[in-house]
Structure formats: C-alpha cells, structure tokens
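Student: Quick note: the sequence shown uses the numbering used here, first residue 1, plus one each step.
Hints listed in this document are in silico derivations from the structure and should not be mistaken for laboratory results. Fair warning: there could be bad hints in the mix.
Straight-line distance between alpha carbons at most 30 Å, and here's what the computed DSSO-like set of lysine-lysine pairs gives [said to hold, decoys possible]:
1. Lys-170 <-> Lys-183
2. Lys-183 <-> Lys-116
3. Lys-189 <-> Lys-170
4. Lys-116 <-> Lys-189
5. Lys-189 <-> Lys-120
6. Lys-183 <-> Lys-120
7. Lys-170 <-> Lys-269
8. Lys-170 <-> Lys-87
9. Lys-87 <-> Lys-269
All figures in this text were calculated on a predicted structure; none of them were measured in a lab.
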Amino acid sequence: MKITEHQTQQATGGFAPAVAPVASTTRHTDDHDLHTSETTIPTQGENMPAYLARPAAASGPLPVVLVVQEIFGVHEHIRDLCRRLAKEGYLAIAPELYFRQGDPQEYATIDELFSKLVSKVPDQQVLADLDHTAHWATRHGGEANRLAITGFCWGGRIAWLYAAHNPQLKAAAAWYGKLVGEKSLNQPKHPVDIAVDLNAPVLGLYGGQDSGIPQDTVETMRQAIRAANATAEIVVYPDAGHAFNADYRPSFNQEAADDGWQRMLAWFKQYGMAGTG
1 MKITEHQTQQ ATGGFAPAVA PVASTTRHTD DHDLHTSETT IPTQGENMPA
51 YLARPAAASG PLPVVLVVQE IFGVHEHIRD LCRRLAKEGY LAIAPELYFR
101 QGDPQEYATI DELFSKLVSK VPDQQVLADL DHTAHWATRH GGEANRLAIT
151 GFCWGGRIAW LYAAHNPQLK AAAAWYGKLV GEKSLNQPKH PVDIAVDLNA
201 PVLGLYGGQD SGIPQDTVET MRQAIRAANA TAEIVVYPDA GHAFNADYRP
251 SFNQEAADDG WQRMLAWFKQ YGMAGTG
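Based on the provided sequences and hints, a complete structural model is requested.
Tutor: Given below as structure tokens:
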C-alpha cells in the first residue's frame, strides 16, 4: 500500500511509515551550533538527495563520515545520527541511496519496502554513489584524507563492502549488517567474501539475540577476517537483538547502543579520524 508524503509526515514525524508507531525512547539531537541542510550530490549523471550536518563554527576542513541508511532510507533517525556525529566535530552526510529506484516513504510495511524497492538497488550503484558523496564532501568543507563510514542494518553490510572498495577510507563501523547471504546480480558479494580485500579497519557491532544474523555467521566472518589477516574487530552484545541502536523502535537496547557509539568514536580516533569537537 502506498501512502502520500503528507500522510507520512503527519503520522510519523519524519520517520519511515514502515516502522510506525515510533517508540517513546526516541532520541532527538538538536541542531544548536550545527549547520544542517538538505542538499543534492551530482552522481552518475543524476542529482542524489542527501542530508548534511556539520559544526557551524568550523575553521578548517572537517573529517568526513559517510552515514549509510537502514532499510528505511534517510528518515529522521539517520538524520539524528548525522547531528550526533556533527556534535562530535564531523562533517556527516547521509545520501539517499535508493533514489533511482524509489522512495521508502511510500511503503507502509517492511516486506513491501524490501520486495518492491530495496531488493532492486545494486551494490555497484551504491558504492559508486558513495564515492561521489565522499568527493562532494571534500569540496564542501571536508578533509580529503580523513574519510570514514558507518552504516546500520542494510547500511551495515554496505559499510563492510565500502571498506573493501575505497582505498582512501580510514575507518569503518558496521552496525548489525548482514554478513553472508545468497548472491544475485544486484548483490554479487557479501562481507564474508571481501574480508581479504579490506582496505580500512572495520568495527562490527552485533546483537547476540539477532535472529536475522545468527551467531554462526558472525563466527564465519571472524574466521574470514583472521584468515585474511585483516584489521577488524567484531563486538557482540549478548542481550541485544537486531537494530539495537534504533531508539525509535522496540528493539532499542540503550546499554548496547551507548557502548557501541563510544566504541565507534574511539575506533575512528584510533585510526586518525578524531572529530574536531
């Protein structure tokens, strides 16, 4: 069932309709001392929408963090994460990576969103769009040699792939991204297949109770990392499920989310990506 943009904004306050109702634990990060905006990025002959957040008073180039959406697109939760990163001194930018295939705000259920939109988005297209996003950021206040990526759920998988794709990347943090799966034309490889190709250090954050990402697949990824002698660390929170950082959903686990966030910031700092805040 498709719904109108007006209905979406009324019902969800900027959150994807497929996850309504929004939980009472939802966090809101203000934009005080920040510059935030909706913008567009030229990529592969088209203009891709994106959300940008950065410190307003920055005196020089900022370290850049690419923020990769969940299955639900760049809705209010992803924008809020960008603002949180900006508060830490980063230029954080979240591109709308489904924009050619459709609008996730038009779908009322997760199953419909996945089958009619997300499954049609090719990895190759996403990686190229992220390259253009990184390039755009360096021309709009970002520092070219300080680039990181973080992604959540669908974006967690992409964060792993991008760490093997872009040799300029300094660090990555993948939140509960799928590690193995069936291969297709749109998804020819999964993180377990590219462990040997990782260019940047990757921090993986996973829930021990995540039924969609079983612990045996996490262990398979650990083995692939060891075999490749790659710089990566996987942290599992035993009591957390999938989407434990998604404060707008019942899956939110504050202890795991807060610890994961601090680990991510420390990981970035360890690999030359300290924020200016």
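Student: For Lys-87 and Lys-269, compute the direct alpha-carbon distance and say whether it is at most 30 Å.
Tutor: With a Cα-Cα distance of about 15 Å, the restraint between Lys-87 and Lys-269 holds, given a limit of 30 Å.
Student: Just to be careful, I want the Cα atoms of Lys-116 and Lys-189 compared with a cutoff of 30 Å; is the pair within it?
Tutor: Holds - the C-alpha atoms of Lys-189 and Lys-116 are around 21 Å apart, at most 30 Å.
Student: Mind checking the alpha carbons of Lys-189 and Lys-170 for me, to see if they're no more than 30 Å apart?
Tutor: Roughly 22 Å between the alpha carbons, so the hint for Lys-189 and Lys-170 holds.
Student: Is it true that the CA of Lys-183 sits at most 30 Å from the CA of Lys-116?
Tutor: Measuring from Cα to Cα gives roughly 18 Å; hence the hint holds.
Student: Decide if the proposed pair is consistent with the structure: Lys-170 and Lys-269, CA atoms, cutoff 30 Å inclusive.
Tutor: Judged against 30 Å, a Cα distance of about 10 Å means the pair holds.
Student: Please work out if Lys-183 and Lys-120 have their alpha carbons no farther apart than 30 Å.
Tutor: holds (13 Å)
Student: Hey, Lys-189 versus Lys-120, does the alpha-carbon distance stay inside 30 Å?
Tutor: Holds - the C-alpha atoms of Lys-120 and Lys-189 are around 15 Å apart, at most 30 Å.
Student: Tell me if the straight-line CA distance from Lys-170 to Lys-87 falls inside 30 Å.
Tutor: Roughly 20 Å separates the two Cα atoms, so the pair holds.
Student: Can the restraint linking Lys-170 and Lys-183 be considered satisfied, given a maximum Cα separation of 30 Å?
Tutor: holds (28 Å)
Hint compliance for this structure: every hint is met.
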